[in-house]
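J.: Construct the entire structure; sequences and hints are all you get.
For reference, the chains in residue letters:
2 protein chains.
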Amino acid sequence: MASHFQLLGKDPASAARRGRLTTRHGVVETPIFMPVGTQGTVKAVTPVHLRDIGAQIILGNTYHLNLRPTSELIRELGGLHAFMGWDGPILTDSGGFQVFSLSKLREIGDDGVSFQSHLDGAKLFLGPREVMGIQANLGSDIAMVLDECPPWPVDRDACAVACARSLRWATRCKAIATESGFLAAGHHVFAIAQGSTYDDLRREAAEALAALDFPGYAVGGVSVGEPEPEMLKQVAATTPYLPEGKPRYTMGLGTPPQILRMIALGVDMFDCVLPSRVARNGLAFTPHGPINLRNEKYRKDPRPVVEGLDNYTCRTFSRAYLRHLITSGEMLGGTLVTIHNLHFYLDLLAQARAHIERGDYAAWHQAWIARYAQPE
Amino acid sequence: MASHFQLLGKDPASAARRGRLTTRHGVVETPIFMPVGTQGTVKAVTPVHLRDIGAQIILGNTYHLNLRPTSELIRELGGLHAFMGWDGPILTDSGGFQVFSLSKLREIGDDGVSFQSHLDGAKLFLGPREVMGIQANLGSDIAMVLDECPPWPVDRDACAVACARSLRWATRCKAIATESGFLAAGHHVFAIAQGSTYDDLRREAAEALAALDFPGYAVGGVSVGEPEPEMLKQVAATTPYLPEGKPRYTMGLGTPPQILRMIALGVDMFDCVLPSRVARNGLAFTPHGPINLRNEKYRKDPRPVVEGLDNYTCRTFSRAYLRHLITSGEMLGGTLVTIHNLHFYLDLLAQARAHIERGDYAAWHQAWIARYAQPE
Numbered sequence: 280m281a282s283h284f285q286l287l288g289k290d291p292a293s294a295a296r297r298g299r300l301t302t303r304h305g306v307v308e309t310p311i312f313m314p315v316g317t318q319g320t321v322k323a324v325t326p327v328h329l330r331d332i333g334a335q336i337i338l339g340n341t342y343h344l345n346l347r348p349t350s351e352l353i354r355e356l357g358g359l360h361a362f363m364g365w366d367g368p369i370l371t372d373s374g375g376f377q378v379f380s381l382s383k384l385r386e387i388g389d390d391g392v393s394f395q396s397h398l399d400g401a402k403l404f405l406g407p408r409e410v411m412g413i414q415a416n417l418g419s420d421i422a423m424v425l426d427e428c429p430p431w432p433v434d435r436d437a438c439a440v441a442c443a444r445s446l447r448w449a450t451r452c453k454a455i456a457t458e459s460g461f462l463a464a465g466h467h468v469f470a471i472a473q474g475s476t477y478d479d480l481r482r483e484a485a486e487a488l489a490a491l492d493f494p495g496y497a498v499g500g501v502s503v504g505e506p507e508p509e510m511l512k513q514v515a516a517t518t519p520y521l522p523e524g525k526p527r528y529t530m531g532l533g534t535p536p537q538i539l540r541m542i543a544l545g546v547d548m549f550d551c552v553l554p555s556r557v558a559r560n561g562l563a564f565t566p567h568g569p570i571n572l573r574n575e576k577y578r579k580d581p582r583p584v585v586e587g588l589d590n591y592t593c594r595t596f597s598r599a600y601l602r603h604l605i606t607s608g609e610m611l612g613g614t615l616v617t618i619h620n621l622h623f624y625l626d627l628l629a630q631a632r633a634h635i636e637r638g639d640y641a642a643w644h645q646a647w648i649a650r651y652a653q654p655e
Numbered sequence: 280m281a282s283h284f285q286l287l288g289k290d291p292a293s294a295a296r297r298g299r300l301t302t303r304h305g306v307v308e309t310p311i312f313m314p315v316g317t318q319g320t321v322k323a324v325t326p327v328h329l330r331d332i333g334a335q336i337i338l339g340n341t342y343h344l345n346l347r348p349t350s351e352l353i354r355e356l357g358g359l360h361a362f363m364g365w366d367g368p369i370l371t372d373s374g375g376f377q378v379f380s381l382s383k384l385r386e387i388g389d390d391g392v393s394f395q396s397h398l399d400g401a402k403l404f405l406g407p408r409e410v411m412g413i414q415a416n417l418g419s420d421i422a423m424v425l426d427e428c429p430p431w432p433v434d435r436d437a438c439a440v441a442c443a444r445s446l447r448w449a450t451r452c453k454a455i456a457t458e459s460g461f462l463a464a465g466h467h468v469f470a471i472a473q474g475s476t477y478d479d480l481r482r483e484a485a486e487a488l489a490a491l492d493f494p495g496y497a498v499g500g501v502s503v504g505e506p507e508p509e510m511l512k513q514v515a516a517t518t519p520y521l522p523e524g525k526p527r528y529t530m531g532l533g534t535p536p537q538i539l540r541m542i543a544l545g546v547d548m549f550d551c552v553l554p555s556r557v558a559r560n561g562l563a564f565t566p567h568g569p570i571n572l573r574n575e576k577y578r579k580d581p582r583p584v585v586e587g588l589d590n591y592t593c594r595t596f597s598r599a600y601l602r603h604l605i606t607s608g609e610m611l612g613g614t615l616v617t618i619h620n621l622h623f624y625l626d627l628l629a630q631a632r633a634h635i636e637r638g639d640y641a642a643w644h645q646a647w648i649a650r651y652a653q654p655e
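Sequences listed follow chains A and B, in order.
In this text, residue positions in the first sequence follow my numbering: the first is 280, and each later residue adds one.
In this text, residue positions in the second sequence follow my numbering: the first is 280, and each later residue adds one.
Hints are computed from structural coordinates only; laboratory data are not their basis.
Be aware that a few hints might be false.
Copies of the same chain look alike in the list, so a pair counts if it fits in one copy or across any two.
[Said to hold, decoys possible] Result set (DSS-like, lysine-lysine): computed pairs, CA atoms no more than 30 Å apart in a straight line:
(1) K579 with K402
(2) K383 with K322
(3) K383 with K579
(4) K322 with K579
(5) K576 with K402
(6) K512 with K402
(7) K512 with K579
(8) K576 with K322
(9) K576 with K289
(10) K289 with K402
T.: Now the structure itself:
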């Protein structure tokens, strides 16, 4: 049986990889950016427009969906794909990260995490069995294991405890996914390697999880407040110890330059709310950095956000029109800039794939990042 | 030269008419509903989805667009069609109605209306020359004359003064549109017949305007607070005196039963913010009346809003999903229910056209209205 992940090629001058990931809902070309659909919707955009901009795979948030409308309800209604009208692949996180960032009164134990809902204070518990059950209810194509993400900074002992607990939970999640037939049915489960800023703990975590032979791996605990060089250092301290033949994912990242740099470190998958979140405030991405469409200087600007970029927003509308919508408080402004920003990310990743294939990724990504820092 | 309006057929048992209106941006089959794009956008919906639900013509609001971003800016950017990415026909109102309903400190004189912007208090003036100039800047396919819409109730003398002034302004607007070449270039200008609840004033206004040979006519001053029977009575008191060979339009109306009843009185064109405005609060139209998707009883409802209705929302999403979006405050909820509600109206008018063609409109519309009053 062919592997679910094919490594199609590598960049000669960096660790960038070109791959192809097969899921129950189709094939994903990597490196890939995954638009985030937190509450069962990529905010402000219909799946019609998502398909149109070339989205291959999207993300759902287990924590949010489990609170509302609940994973049981979604299962009753045919799973998350049917529920939200998206028939492509869906990756879901475990919910653990949001338990730490959003919920109240959380208490962590060896069996999992007790916490209170940020919506209504209801007492809830997430352990390996719960997160795998919820993600099975959702019908996730790629489920993430429960892990403990240490804060930044964290002392070495506390980090080692979190790594040990994360390894036990990962082991348990894989066992559950095996026993339940989830893996055999072609769903994937990805492990998450923690270790904070401790290179040896990162290596240890990566190697221990690699030995468990997961279908994919995430570098966890990055973008939790640490400076960018530290973040890249942590990724670089992890990827060499992850199995080459499995996809690699950094969760919740990042700016365009960050993503390009992490591709150069051998990361294959990315998700981030940034392009859609800032879009609703009128911030639009361009090859010369983001521009704020509320700015008076765009009032009469007849140009598209990015000349020649083949998405609905750039093909159809001027900066002046988008500015008018945003300053008038019209919902359509957020929708059209979200379409553009998500496509900007998706197109950037498509360019990255082409340059890896061509073998000039290293030079190209440096030049791209340099231009991005120069306003038009 | 063929007329811009062809009367294709009439219902034997009512005054309903089937027509075809040709504009600079395409043909409109009547009776027709026109989605409202107040500020250069049909709220919450991309033109892609508008086309998909079969919108033939949309409405723009002169008052709003003239304040922001201004009609001069829209002209510089190629006109309203290019500005908002809609290449179908656009009808614009004169702005007069909003001057009366939204602006501050208005003062009406024989030359026009002085008023203050509701946005920033700027002092502005709208007379026949201004409203025709603004609508020419916008590139409107169908421009409306400036009129004075009397409030309800209004005494007979005040109403007669408003009618006389409206007639002078209409005459002036037509002269301006003729001299400027606006009419010769294939733009249409519609007159507006006022008269409030005074049948003889309505007849007088309609006949005087008919004598001026406008490309189309609106029944004005309806839906300004009067009870529904009064509204229908006013329409019935006007349409017999409008030229049969020209399209007829009631502005800002209405509920589905109201529209069907006005079609039976010989009205051809309708616009209303109702379906899109209520959509953003979760109210969805069905053949059994509107339903409130926030209601707990839809929490697990796997059915589409309307079974078998061929629009994106009904083809793809359950009531449970729409409820989830709306109760979670997700923008996509408003977008998807707007798509449905506008399509519901457009489809209702398509059904009306088919029944007029078949010659059974009178019976069909009575049955439709009766069912609409019976909850499912």
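J.: Tell me, in ascending order, the numbers of any earlier hints that this structure violates.
T.: As far as the earlier hints go, 6, 7, 9 and 10 are violated by this structure, in ascending order.
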